[in-house]
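Visitor: On the provided structure of chain A, position chain B as indicated by the hints.
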Amino acid sequence: MPEPSSLALMPAGARATITAVPVEDATLAGELAALRLLPGERVEVVEVIPFGGPLLVQTAGGVYALSRRLAGRIAVVPAGAAEE
Amino acid sequence: MKALTCHEGPRRRGARTDLVVALAGNPNVGKSTVFNRLTGLEVLTTNHPGTTIDVTTAVARVAGRTITLVDLPGIYCLTCASEDQCAARAALLEHPPDAVVAILDATNLARNLYLVLQLLDLGLPVVVALNLADAAERAGIRIDVPQLEERLGVPVIPTVATRGEGLGAALAAAVRAVERPRVRGHRYGPALEDEITQLAARLDGQSPLPGRGAVLLMLEGGAAAETVLAGFDAAALEVWREDLRAAAERLAQRYGEPAALAVARERHALADRIAKKATLSRGEFTGRWAWRLATRPATGIPLLLVTLAALFAGLFWGGGLLARGVDATWARYASPLIRAPVLYLFGPGGLARTLLWGLDAGLNAVLSVGIPYVLTFYLLLGVLEDTGYLNAATVLLDRVLRGMGLSGRAAVPLVAGAGCNVPAIIGLRALRTERERLIAGTLITLVPCSARTAVIFGAVAYLIGWPWALLLYAIVTVVILAAGWGLNRVIPGSAADLLMEIFPFRVPTPRTVLRKTWVRVREFVFVAVPIVLAGSVILGGLYETGLIQAAVRPLAPVVEGWLGLPAVAGLTLVFAFLRKELALQLLVALAVVQFGRGAENLLSFMNRDQLFTYALVNTLYVPCIATAAVLARALGRRRAVLISLGTVALAVFLGGLTIRLLRLF
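Chains A and B are the protein sequences, given in the same order.
When you number the first sequence by this note's numbering, it's gap-free, plus one each residue, and the end is 152.
When you number the second sequence by this note's numbering, it's gap-free, plus one each residue, and the end is 1320.
With the rest of the complex left out, here is chain A (with noise of 0.2 Å):
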């Protein structure tokens, strides 16, 4: 069964469910949601910018750019896991 991860730690064309998003910050936390990066939530990694670059992620809300940074703090299991 796959491990727990974040989300930036998945390649191009990897999918996951979202665990774990940053709750600390309200602001930031309400923002995510409403962009549908809430737990539970399937995505899709679209593309990895090399270089320390963004990901380009797919959500159901519509496809986001995330720096490498906050997708760190977004916890996630691969497809196949969470499904199961």
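In case anyone wonders, no lab produced these hints; they're calculated from the structure.
Any given hint could turn out to be false.
Listed below are several chain A residues computed to face chain B (Cβ distance under 8 Å; list not exhaustive) [stated by the list, open to error]:
1. A97
2. L106
3. G120
Away from chain B, derived, C-beta distances all over 10 Å, residues of chain A [as the list claims (entries may be wrong)]:
4. P72
5. S73
6. L77
7. P79
8. A82
9. T85
10. V145
11. P146
12. A147
Glycine is no exception: its CB is placed at the ideal position from the N, C-alpha and C atoms.
Guide: Okay, now just chain B, sitting in the frame of chain A:
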């Protein structure tokens, strides 16, 4: 009219109107296109983006009623994260409009419905404009409009803003919605609804907002919550905070996550259900390859270079062609028509010659040096903006921006700065941290705006060749990168995180591009012409009376001694604090008077090295008086003065260095 502030509703702004209708929606759904279309139809007065907050208003007349239309910045939710989002929230909560037209992207219905549900929770009369109906159709998406109306309990009107379809109907529906009794058609999960009902019953009538909306806002937390309880006394506030905390705890236990996330989840789930019921065919998105092309460095960097080269070539050929055409036409037709009556009325003396500085040489310069390049630049920028390419380029450049302490979000005001620094600095409000605003604000003043581009092209590319203009841009780019890198190291803190929606590319619509170009160039025509006229008449007066020698004397040590330029050129650089393109226009006027018509005559006045240095100094030193003023408002007076003086020092230092280096070759 004065701009809106956080404490001032649209109604108190002098214009007496029957109704206030706000346009709300997610970013990039076409709100401003809707706004322009609606106000362009029957506009009475227009306000441009305010200086305090980013809410644009205009007055329009619909079915015999006068309506104040409020164009809000794009928002995903009412959580306040930056100044512009706070402005949108304040406009909706603190001075609720009579009705809201919620503009939705039909190609992304579920996510867009999230905001609609939040607006409905607040008890606002809402009308839905289902925009981008054409794009949805092309993508194979089919939406059952009556079904959506029934589920939401509000009118839904399909619109194509770029063609103006459905907009009149949407606004008319908004006017009718004001009178209609408000019914709420939607319900969240029972656990959440129970808590809302209990608290809302106690709050109704005590808060300016309806109880239900107020409770939800408070449960969602963030800055919005404080607005709701603003008027309560200390004791009542304490009781409410305690009750809310207890309710939030119960919800957190029930849902296994913080109450704010639970509310968001419930709302998304409901939006999803409504979208599913109302979607007949989901269509298929096929544009991912374009994002990959634009954001992968291997293809994205070449694409970026090609785009920049096209922009440069467009300016060089397009702007140059226009400039030559205008110049020839002026010399042949306009100039004789102006000279004859002036000489007839005032005789051939100094007065007539001074007037001709402005009316002939000055106007000639503004039309042939300023407007051709500014017009071409805005046209090209408009096309680029409309394709959505800048959005993808931001992702590609995020790494570079981060090295300068900026998030990708800062790319938007930086690119806007290439048009005009003033709106770019106003756009700083979209950035999250003071640090980012400070760095981006400083860098924007170094970005050559269209006026400075006109000088670079008019003086350097046109007269000494395009490779020199390219070299000048390269120098400015290095200066900007170095300044950003330095500021990022000097100012404590780190770059804000990027979190930005990526939009599909779109084919630009000529009408939108042309309209945008006109709105931007209009300012140049109406504001610049009087200033250029006045500037050239003053310079002409100094020249004709011989006072110019006295005026340039204090500048001589720096301008002649260090920069190696004619002292009078220094005077035009001082005048250019009013408007940057004025520098070259006055210089051209001076050359016309001294050496006869034709911008080529600048070369009898200054050599290659001098023209290059002149354009470089003009590009780098304090942008202009308008920019300095808005900078003071955005970052504080002290910082604005520091930045301005810093750019003068930088420009003078680099200018002197450049001319010495050029002389070696």
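Visitor: Each hint: holds or not?
Guide: Do the hints match the structure? See the list:
{"no.": "1", "hint": "A97", "result": "holds, 6 Å"}
{"no.": "2", "hint": "L106", "result": "holds, 6 Å"}
{"no.": "3", "hint": "G120", "result": "holds, 6 Å"}
{"no.": "4", "hint": "P72", "result": "holds, 17 Å"}
{"no.": "5", "hint": "S73", "result": "holds, 19 Å"}
{"no.": "6", "hint": "L77", "result": "holds, 17 Å"}
{"no.": "7", "hint": "P79", "result": "holds, 14 Å"}
{"no.": "8", "hint": "A82", "result": "holds, 15 Å"}
{"no.": "9", "hint": "T85", "result": "holds, 14 Å"}
{"no.": "10", "hint": "V145", "result": "holds, 16 Å"}
{"no.": "11", "hint": "P146", "result": "holds, 20 Å"}
{"no.": "12", "hint": "A147", "result": "holds, 18 Å"}
Figure legend: structure checked against the earlier numbered hints; every hint is met.
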